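Here is how the chains run, residue by residue.
Number of protein chains: 2
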Amino acid sequence: MPTYRAPIKDMLYLLNDVLKLERYSNLKGFSEASPDIISAILKEGAKFNEEVLQPLNQSGDREGCTRHSDGSVTAPKGFKEAYKLYSDGGWGGLTAPPEYGGQGLPHVLGLAFEEMVTSANLSFSLYPFLTSGVVALLDKLGSNEQKETYLTNLIAGKWSGTMNLTEPQCGTDLGLLRTKAEAEKDGSYKITGTKIFISAGEHDLSENIIHLVLAKIPGGPDGVKGISLFIVPKLIDGKANGVACGSIEEKMGLHGNSTCLLNYDGAKSFLVGKEHEGLKAMFIMMNAARLGVGVQGLGVSEVANQNAADYARDRLQGRALSGAKYPDKDADPIIVHPDVRRMLLDGKCFNEGGRALAYWGGLLMDLAESAESDQERDHAKDMLALLIPTIKSLLTDLGYEIATNAQQVLGGHGYIAEWGMEQFVRDARITQIYEGTNGIQALDLVGRKLPREGGQAIRAYFEMIEGYCKDYGKDYGEFTSPLKNALGDLQQASLWLMQNAMKNPDNAGAGATSYLRLLGYVALGHMWAWMAITSQKALADGVGDKTFHQNKVATARYFMGRHLPQTRGYYKMIEAGSDELMAFPDDAF
Amino acid sequence: MPTYRAPIKDMLYLLNDVLKLERYSNLKGFSEASPDIISAILKEGAKFNEEVLQPLNQSGDREGCTRHSDGSVTAPKGFKEAYKLYSDGGWGGLTAPPEYGGQGLPHVLGLAFEEMVTSANLSFSLYPFLTSGVVALLDKLGSNEQKETYLTNLIAGKWSGTMNLTEPQCGTDLGLLRTKAEAEKDGSYKITGTKIFISAGEHDLSENIIHLVLAKIPGGPDGVKGISLFIVPKLIDGKANGVACGSIEEKMGLHGNSTCLLNYDGAKSFLVGKEHEGLKAMFIMMNAARLGVGVQGLGVSEVANQNAADYARDRLQGRALSGAKYPDKDADPIIVHPDVRRMLLDGKCFNEGGRALAYWGGLLMDLAESAESDQERDHAKDMLALLIPTIKSLLTDLGYEIATNAQQVLGGHGYIAEWGMEQFVRDARITQIYEGTNGIQALDLVGRKLPREGGQAIRAYFEMIEGYCKDYGKDYGEFTSPLKNALGDLQQASLWLMQNAMKNPDNAGAGATSYLRLLGYVALGHMWAWMAITSQKALADGVGDKTFHQNKVATARYFMGRHLPQTRGYYKMIEAGSDELMAFPDDAF
Numbered sequence: 003m004p005t006y007r008a009p010i011k012d013m014l015y016l017l018n019d020v021l022k023l024e025r026y027s028n029l030k031g032f033s034e035a036s037p038d039i040i041s042a043i044l045k046e047g048a049k050f051n052e053e054v055l056q057p058l059n060q061s062g063d064r065e066g067c068t069r070h071s072d073g074s075v076t077a078p079k080g081f082k083e084a085y086k087l088y089s090d091g092g093w094g095g096l097t098a099p100p101e102y103g104g105q106g107l108p109h110v111l112g113l114a115f116e117e118m119v120t121s122a123n124l125s126f127s128l129y130p131f132l133t134s135g136v137v138a139l140l141d142k143l144g145s146n147e148q149k150e151t152y153l154t155n156l157i158a159g160k161w162s163g164t165m166n167l168t169e170p171q172c173g174t175d176l177g178l179l180r181t182k183a184e185a186e187k188d189g190s191y192k193i194t195g196t197k198i199f200i201s202a203g204e205h206d207l208s209e210n211i212i213h214l215v216l217a218k219i220p221g222g223p224d225g226v227k228g229i230s231l232f233i234v235p236k237l238i239d240g241k242a243n244g245v246a247c248g249s250i251e252e253k254m255g256l257h258g259n260s261t262c263l264l265n266y267d268g269a270k271s272f273l274v275g276k277e278h279e280g281l282k283a284m285f286i287m288m289n290a291a292r293l294g295v296g297v298q299g300l301g302v303s304e305v306a307n308q309n310a311a312d313y314a315r316d317r318l319q320g321r322a323l324s325g326a327k328y329p330d331k332d333a334d335p336i337i338v339h340p341d342v343r344r345m346l347l348d349g350k351c352f353n354e355g356g357r358a359l360a361y362w363g364g365l366l367m368d369l370a371e372s373a374e375s376d377q378e379r380d381h382a383k384d385m386l387a388l389l390i391p392t393i394k395s396l397l398t399d400l401g402y403e404i405a406t407n408a409q410q411v412l413g414g415h416g417y418i419a420e421w422g423m424e425q426f427v428r429d430a431r432i433t434q435i436y437e438g439t440n441g442i443q444a445l446d447l448v449g450r451k452l453p454r455e456g457g458q459a460i461r462a463y464f465e466m467i468e469g470y471c472k473d474y475g476k477d478y479g480e481f482t483s484p485l486k487n488a489l490g491d492l493q494q495a496s497l498w499l500m501q502n503a504m505k506n507p508d509n510a511g512a513g514a515t516s517y518l519r520l521l522g523y524v525a526l527g528h529m530w531a532w533m534a535i536t537s538q539k540a541l542a543d544g545v546g547d548k549t550f551h552q553n554k555v556a557t558a559r560y561f562m563g564r565h566l567p568q569t570r571g572y573y574k575m576i577e578a579g580s581d582e583l584m585a586f587p588d589d590a591f
Numbered sequence: 003m004p005t006y007r008a009p010i011k012d013m014l015y016l017l018n019d020v021l022k023l024e025r026y027s028n029l030k031g032f033s034e035a036s037p038d039i040i041s042a043i044l045k046e047g048a049k050f051n052e053e054v055l056q057p058l059n060q061s062g063d064r065e066g067c068t069r070h071s072d073g074s075v076t077a078p079k080g081f082k083e084a085y086k087l088y089s090d091g092g093w094g095g096l097t098a099p100p101e102y103g104g105q106g107l108p109h110v111l112g113l114a115f116e117e118m119v120t121s122a123n124l125s126f127s128l129y130p131f132l133t134s135g136v137v138a139l140l141d142k143l144g145s146n147e148q149k150e151t152y153l154t155n156l157i158a159g160k161w162s163g164t165m166n167l168t169e170p171q172c173g174t175d176l177g178l179l180r181t182k183a184e185a186e187k188d189g190s191y192k193i194t195g196t197k198i199f200i201s202a203g204e205h206d207l208s209e210n211i212i213h214l215v216l217a218k219i220p221g222g223p224d225g226v227k228g229i230s231l232f233i234v235p236k237l238i239d240g241k242a243n244g245v246a247c248g249s250i251e252e253k254m255g256l257h258g259n260s261t262c263l264l265n266y267d268g269a270k271s272f273l274v275g276k277e278h279e280g281l282k283a284m285f286i287m288m289n290a291a292r293l294g295v296g297v298q299g300l301g302v303s304e305v306a307n308q309n310a311a312d313y314a315r316d317r318l319q320g321r322a323l324s325g326a327k328y329p330d331k332d333a334d335p336i337i338v339h340p341d342v343r344r345m346l347l348d349g350k351c352f353n354e355g356g357r358a359l360a361y362w363g364g365l366l367m368d369l370a371e372s373a374e375s376d377q378e379r380d381h382a383k384d385m386l387a388l389l390i391p392t393i394k395s396l397l398t399d400l401g402y403e404i405a406t407n408a409q410q411v412l413g414g415h416g417y418i419a420e421w422g423m424e425q426f427v428r429d430a431r432i433t434q435i436y437e438g439t440n441g442i443q444a445l446d447l448v449g450r451k452l453p454r455e456g457g458q459a460i461r462a463y464f465e466m467i468e469g470y471c472k473d474y475g476k477d478y479g480e481f482t483s484p485l486k487n488a489l490g491d492l493q494q495a496s497l498w499l500m501q502n503a504m505k506n507p508d509n510a511g512a513g514a515t516s517y518l519r520l521l522g523y524v525a526l527g528h529m530w531a532w533m534a535i536t537s538q539k540a541l542a543d544g545v546g547d548k549t550f551h552q553n554k555v556a557t558a559r560y561f562m563g564r565h566l567p568q569t570r571g572y573y574k575m576i577e578a579g580s581d582e583l584m585a586f587p588d589d590a591f
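Residue numbers (our numbering), protein chains in the order written: chain A, 3 to 591; chain B, 3 to 591.
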């Protein structure tokens, strides 16, 4: 049976020592987030996740959700009780607006808690996390009446929420949407259509479910310009509305979450914001949602790697290449083998680098909203433009790779359900697909974010990394030199794309995934330099846990030596262009 | 529902045009394998696999195997009938010795058939393939009496076979084996112990099951030197022997195959070969088994990529970056998108390159046995020493990656069981683990095969590739130049290992996986040069299907431009060494 230990020490290190949240105590939400409070919240959160949610992860996967003949759905055993504890503990309101019962804490702190929940139980996490998405959206775009009606109950967990975008014929291309919303005389709308892949679409955890649904009002513009956003409560005044779960999807993993097909049959609904501005409304939520999915990749990867390391310390098999380490035992633990250590340290350096990157992203989201100067807010927005698609794709691709390697550490036992490792792989897999496939993220980065305002964001990023390398190069060249080399590859790739994608956009499409990975490695290199320098300073000053800081520096060296130089290969892939790819006959693939 | 079309055209191209099997018609088995016969066998095999085995793949996954309270096991619905058709069709005897009813055809041809079976139904394939392994072993090591007793029935499929190595405490490290074999007065042995992960360990497809079991005879040498190999029939003269299925493992995939825990309780058994030479016996079979598992990775990857391409041609979503391709439709098929094409063409170039490499490996196995001169046989053995671990790991790692990408092409639908793509991923995963994990293959390559006889095999390989590049460099420099560059990285990596692994074997261990991948890429580069030059010649001579050859050349260019240059990155990983990795504290991973 797998276990989970929340990496609180690493989380506190990032929030306090690296990102130094105390610097922002003048900003909204941060004043409530003193180091003491942060520590108390994370410790309490760790306890809840380790003791309540994690023990339900494997059983939830085995049991799955049950749809009954009346269309109602029961979540796996224990989920309802855990959901009540989650709600009663106030976890649903951590970063939610205080006016409606939330605690209004910074996004970056909420993200650390989110990571724990996804490590402990990814399937469970979607029930409250989708609700948080609905809360954030209604808080931004809902009318006062809508806020009054929904927010308090959603934040308290009494009600839960969902997002309804996908239809059978319409995934990435929302212009193909067919669900229609017809205006009624009372100002409401009647929604009719079929939505698929709706996470937490129907279940028994909350008293009511508030669906946010994209639909088209007849007579509106064609394509995505004619999409509007609606609230569709499952129950109105306690009575069933016209929405029903037609089936639960059978999936590769995430079995503890009910992924539903929902049939809307003249369901009463309420417009959010203006007509035909539904897509814009979804975009407002996209940064938080995509950052959250990146953290899901990290969360699953973290717990998988922890369990692989435990197994490797425990399992006796073979002898160290340099001679027996434990001659009194029948064999050495497999952690003596360099190839096993490689898998585990790869996991560690990508997880800790990814955590730093994601939390920095969370902080940037706070700064983009609340920083005092225009300049700071704009800088945060520029960074986020690049980092959101990068974090979503990179952390979920790495999450799957690391979970797969963690499974590999267990050999044949990794393939057996009992050990729980194969579930991590199956669960991690969805994070690469939903909330915009990773290919779509790469296109968003290369096709939209990169050229935006003449490349303003990427130029700001280059400037920042160059400045960083300059500032620290004299004393910490060991870390800034490889970062600078990697940045050179990124700059060369950016230049290549500028020169070659203008005349042929397929060159951007063909290189998009490699470019995202390349930018992601530079970003991880930046994080590892940041952490290594932080820890080196702490060691020089004799501050903090010496071993912890030494391990940070060693992991940074490992990342810089083994992984960061791979940026060159990603550049080569981009430079290979799109000619063969596009000329190849469609029927010959 | 996924489909499968056996890639016969590509198979015939490899066997006839690239490997030119006709050249070997003077050798044992090859005289029976004229182009006409090969074509007839592959077409008949394709029909069987497409129509009989493939339709049982998804249903077999869903239903799984059932263990009854008496310990008997039922395979999924339809497997028994399909197994009878397989046996009646003589497929079990394709490469088996003619003295016992086999057809004695070359290994390389058997491999093409094996690929089809694994594409159609990996779970099913293990029932007959393990039998083939038992046949090959007994044919080499069994006494005449044992051959008479077992081979005819095994080859006819009336009986089936298994291999029993793993125990709960003993996987890679067979020295930890506890199953014991006590000598009886009649010359037989009594076997007692528990074996786990036994594929096809118990089922209802055949009348009897012949287990090959590794066990220790009390009083023998410690560790692997005290292991002997035994035949344990499930039934002797129709009566139950002391072996029973204690449970079927719940696994990530491969559900159609019964992976059993077998309890041996004083089971009557018969020594194969000499006492304490069991490990040597297993090693004899290892090349064929590992090559076969490599082909499993290829087989699953091939069928996954086929289905992804079908979906991409069919699914309408979004518009081409360069403007609508099909303006009369609601959207373009997603195959217009460069990032989708990238995933599909990656799959194609690795599958076709991998197929060439595996079939060449199969031919080398034939030549290592049957070639006329010592020199040819020794050369084949040298090549196999390097290629067997490489093919096993490379093709299964790539198989999993390609199946994952193929699943990604379907977006959310890829995660849904109904489409069958997620099964390919779950099934492919086992191939990286069993028959020696891929990490063990890398260690075998770097720790055993590379230094063997002063590096004789790798030097012969360098010489061959250099000779090839020299011979064809003048006319086909487009393909030999990138191959030569990649070879340079391999040579530099080999030198680095020679210089650094002697003083510290952990440097070999830390770089083993990257070295295997690097050698694998060079080997694929060699295959792609070989195929590109073959096809360019055909085009120049106006021979064969022009479009087919043009596509081959285009795919070769794609591989050479985008993937082969990655060898540099693998070299960099090796060069990073093992210092940080080994110094890192065990408890800090």
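Derived by calculation from the structure, the hints in this document are not laboratory data. Only a predicted model underlies this, so the values are computations on that prediction, with no experimental measurement involved. Some hints here could point you the wrong way.
Remember, identical chains collapse to one label, so a pair may be satisfied in a single copy or spanning two.
[Said to hold, decoys possible] Pairs of lysine to aspartate or glutamate residues, derived as DMTMM-like cross-links and limited to a Cα-Cα distance of at most 25 Å, are as follows: (1) K192 x D224; (2) K227 x D330; (3) K486 x E577; (4) K548 x D589; (5) K476 x D38; (6) K276 x E184; (7) K270 x D206; (8) K327 x E169.
Results for each hint:
1. K192 x D224: within (20 Å within a copy, 78 Å between copies)
2. K227 x D330: Cα proximity of K227 and D330: across copies only (20 Å, versus 72 Å in one copy).
3. K486 x E577: both (20 Å within a copy, 20 Å between copies)
4. K548 x D589: between (60 Å within a copy, 15 Å between copies)
5. K476 x D38: So K476 and D38 fail the 25 Å test inside a copy (35 Å) and across (72 Å) alike.
6. K276 x E184: Within one copy, since 15 Å is at most 25 Å while 83 Å is not.
7. K270 x D206: Classified as within; 21 Å inside a copy, 56 Å across copies.
8. K327 x E169: Close across copies (23 Å), not inside one copy (58 Å); limit 25 Å.
In this structure, only the earlier hint numbered 5 is contradicted, and the remaining ones agree with it.
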